[in-house]
Amino acid sequence: VIPAAFDYVAPTTVDDAVRALADAGEDGKVLAGGQSLLPVLRMRLAAPSTLVDLGKIAELRGIREDGDALVIGSMTTHYDVQRDPLVAEHAALLAEATATVADPQIRHRGTFGGSLAHADPAADLPAVALALDAEMVVAGANGRRTIPAAEFFVDFFTTSLQAGEILVEIRLPKRTGWHAHYEKFNRVAQAWSIVAVAASVRVDGDSIAEARVALVNMGATPVRATAVEQALVGQPATAEAINAAAQHAAEGTSPAADGNADAEFRQHLARVLTGRAVSAAVGA
Amino acid sequence: MTATIEPEVGKSRRRKEDARLISGRTRWTDNLALPGLVHMAILRSPMAHARITSIDTSAAKEMPGVLAVLTGADLADEQGSLPCAWPITEDMKSPNAPSMAVDTVNFAGEAVALVVARSAYEAADALEAIDVDYEDLPVVLDMAAAVADGADLVHADLGTNTSATWVFDSGEAGTGGDVEQAISGAEVLIERTYRQQRLIPAFMEPRSVVVDPTGEQYTMWSATQIPHILRLMLAMTLGVPEHKVRVIAPDVGGGFGGKLQVTPEEVLVFLAAKRLGKPVKYTESRSESLLSAHHGRDQIQKLTLSAKRDGTVTGLKVELLADMGAYLRLVTPGVPILGAFMFNAIYKFPAYRFVCTNVFTNKTPTDAYRGAGRPEATFAIERLMDELAVELGMDPMAVREKNWIKHEEFPFTTVCGLTYDSGNYEAATAKAMELFGYDALRAEQKQRRDRNDPVQLGIGISTFTEMCGLAPSRVLGSLSYGAGGWEHAAIRMLPTGKVEVVTGSSPHGQGHETAWSQIVADQLGVPFEDVEVLHGDTQSSHKGMDTYGSRSLTVGAMAVVMAADKVKAKAARIAAHMLEANEDDVEFAAGGFQVKGAGAAAKSVSIQDIALAVFAAHDLPDGVEPNLDSEATFDPENFSFPHGTHLCATEVDTETGRVTIRSYVCVDDIGKVINPLIVEGQVHGGLAQGIAQALFEEAVHDESGTLTTGTLADYLVPSAADLPSFVTDRTESPSTTNVLGVKGVGEAGTIASTPAVVNAVVDAVRHFGVSDIQMPCTPMRVWQAIRTGQSDAGGLGGEAGGGLGSIDSSGGAQ
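From first to last, the protein sequence lines stand for chains A and B.
Residue numbers for the first sequence follow my numbering, so the first one is 1 and each next one is one higher.
Residue numbers for the second sequence follow my numbering, so the first one is 1001 and each next one is one higher.
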């Protein structure tokens, strides 16, 4: 199918992009890799009047350190995130999860910021951002502001980005030396997750000192499994203790039913996969 | 020519067509650009069953670039009814099948209006300006409900949802005993109902059509498997004289039976081009393809197998409901009938009865899909043999071996009256069991069960055969099919000794050009590179029956061999003249003509020498026509019966229901092999497609008849990442019904693999009380089966969601 007609602008600076988006008005839309947006346009499920392509803005690409934080430009491709040594060292969970996103072609086109701003509850990276306590730096007509991940994801395909705002970078607190695993459950390799679990764990001696666990596709937004996190802290890093903590994974969730799974199966999977994710992270 | 020339047949040559196909350098139909070309788009019904109360096209007609907006009413007098070439019974009910709905839509996706515009963009924009009003009619989706008394009707004018009931009974046919007698006296009865889910062929290249009406002939390019049949059917459907239509199937990107069709889109492009006097192109989107190109399978199989306690089978009764969808397309009614002769498979059933009821529903029409009837039959019997083994406490291979046709019993006439010409089930099985490590896997399976391992191991067997190489024309006649099953070929000898081979087969990915070149190189003693294969254009390849049913090699290549024989016969006379010998004293060997017994050093004339001599025609024997070109038409006397033993080991994660194929071994017997690499490719692709039915793919409709698996994000076609490394091998029992000794291979992997996988899944979890899991065996279905011990886990699990599906329901992204 063929998209409806739209205007296309490709600014080269964030300031120009913010202006272009403001000029476009209500029906403007940011193009940040296009791996989700273009199918929507082609199926005519959306018909924005103007696309503001961020692809030519050099300052939105790249990964750098800033003290205790790792800063990732929103237009950094999955491929670049996946193979970046800083990400591997300080945000192992992100590197691992990014490697499971769709297929190599999509990872070369799709961007970290694009995936977060799209906020598909079945997508991999929003849950990772949530688990890693990411902060979203956004730019708008009134300058920049920072939104914690916990406040960024609002509903199905809905974030707290205001009209005219652009996600410019993602700040991740360094989790150097943390153990991580992304446990993805889907039916074919390129499919979205039925459920997935992002786990990042700090081990001190033989026991778990800190844990961050987030769930994919267990609600309208990514969900932190706080009960699991609390149950893990102080426990020995053994399969038995981890599986006991993982029994809390579905608490407070209300996942949707679709053709792949009803809510009960999703909640069951959340418990099983959480146990596996944490165990794999710590090598239990 | 030297005497030590290496035969081409049997070489694993890389395919000569692949460079242009893979790199996209070729011209697919959608790449064609003609002067003045305009573009068509189709508006499709979102309703599965409704009366069209009004269509307002006035706004669309005013849109920029729009040349025409047409509805079914505009075309009613000229569109005719799409052809069905297979009236399986004399009283078969067949509804009128307009290419564009006139007053009623009968499935979601049916065309209701079209736009022709200067650009594809303008055509797509104008579609949105068409306003259609529908009045709901009751939607018929469930086959069992559709045939019940008082059911809502798909086609009210037919008075019933049953299209036809077709029966084969071995007692009545005199080919075997009475199955009711076998059942009433049975020591053991296995009764099961299996479901063949609806599948979508999902070929890689979407369908595309261009029609140029500006020449003396109408020229149609179409991404079709059947240019010759299409030309004939266009003539018969639209009343255009056959000689005024030329059909070209350029390179075609896959079909799997899905392009064995005369489509509404082909007719509509033709009519639009005719009306406008301009060349018109239509290329479907992927979603349109999944929605409206014909679907496959979709049967409910009620099965009764009778046996003795020692495992000997005594009878088989098959009662099918087969979903036609809303209309009968080209061979829709015959697809389940192609399975009628295969439920007995390789086993010596003394009594057999097959009853198939063809049912209309408000869904996309079904038709041929890789295997067409035979995968359904093979699935049923191979699942039943496992169930019989369990019932009797026997090893599933032992039950099969007890009942199969022994290799010394060939040729063997089955309970259906077919004669299997050759085969060796023992040899294929022995090789497969060894490659698989059957005993070691059984031992590991027991260990995992004993220690209650969360990952259980299952072993699945499929000792399949199939009938392919469609088909002996007389047999097709006896089945009321509307055409013959022959194939045609021609060979043109060019003055420089190069060879043009014209084939009536119509490749869409199989590698005909390579295989035909290998065959002709050996037949005529010319280099492989000197052979060009021409196909798919009714102007150059004027006669043919096209490609489907694993027929190209067993039927089409035989025509090529016969044509080559005729070339050599003509050449022999001229060779004798050139060698100053008697024709009877000349023989063709090692690529040239020589006087018999003259020795390797003696004078030899090659076919190239003769081709040049014929071109000049200065010195030919008296009365000899200066022409080596020859043509031949081959009508097979029998089907081809490939067989094989497929073994699958699956690991089932009992905590999540996930099925992982750990190993897959198949040993196929397809007789002699022209190109082992092409065979390998056919087997791998076939396995992938059969495994896809077992584990991944299903076309799902919601209660309103909307296809909910309308994108490839929802209709899950597996990729290499989802499949194991296959272990493939062959045994070779040459066919005795063609001189090449070949059997078909195009569908074998698909037919064999589905039951092997499902048998393995059920075997892994049978100790939980599970005796069946509906296809596709999704994680949720498997998990439910394990948890509840239910014997038939259906329900949720086939459909897909998330991702694009979620976008759909949210109406667009933030």
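No lab work stands behind these hints: they were computed from the structure.
All C-beta atoms, glycine included, are put in the ideal place defined by N, C-alpha and C.
Any given hint could be a false lead.
Derived CB-CB ranges, DEER-like [claimed, not checked]:
| id | chain 1 | residue 1 | chain 2 | residue 2 | range |
| --- | --- | --- | --- | --- | --- |
| 1 | A | D68 | B | A1721 | 47 to 55 Å |
| 2 | B | A1076 | A | R44 | 26 to 34 Å |
| 3 | B | P1138 | A | T12 | 37 to 45 Å |
| 4 | B | E1128 | A | V154 | 28 to 36 Å |
| 5 | B | A1721 | A | G62 | 41 to 49 Å |
| 6 | A | R44 | B | P1035 | 49 to 57 Å |
| 7 | B | T1053 | A | G62 | 53 to 61 Å |
| 8 | B | A1721 | A | T12 | 50 to 58 Å |
A short list of chain A residues far from chain B (calculated; beta carbon distances all over 12 Å) [as the list claims (entries may be wrong)]:
| id | residue |
| --- | --- |
| 9 | P3 |
| 10 | R19 |
| 11 | M43 |
| 12 | G55 |
| 13 | A191 |
| 14 | A261 |
| 15 | E264 |
Quick rundown of the hints versus the structure:
no.	hint	in the structure
1	A:D68 to B:A1721: 47 to 55 Å	37 Å, violated
2	B:A1076 to A:R44: 26 to 34 Å	29 Å, holds
3	B:P1138 to A:T12: 37 to 45 Å	59 Å, violated
4	B:E1128 to A:V154: 28 to 36 Å	31 Å, holds
5	B:A1721 to A:G62: 41 to 49 Å	30 Å, violated
6	A:R44 to B:P1035: 49 to 57 Å	30 Å, violated
7	B:T1053 to A:G62: 53 to 61 Å	59 Å, holds
8	B:A1721 to A:T12: 50 to 58 Å	38 Å, violated
9	P3	8 Å, violated
10	R19	21 Å, holds
11	M43	7 Å, violated
12	G55	18 Å, holds
13	A191	6 Å, violated
14	A261	5 Å, violated
15	E264	10 Å, violated
Of the numbered hints listed earlier, those contradicted by the structure are 1, 3, 5, 6, 8, 9, 11, 13, 14 and 15.
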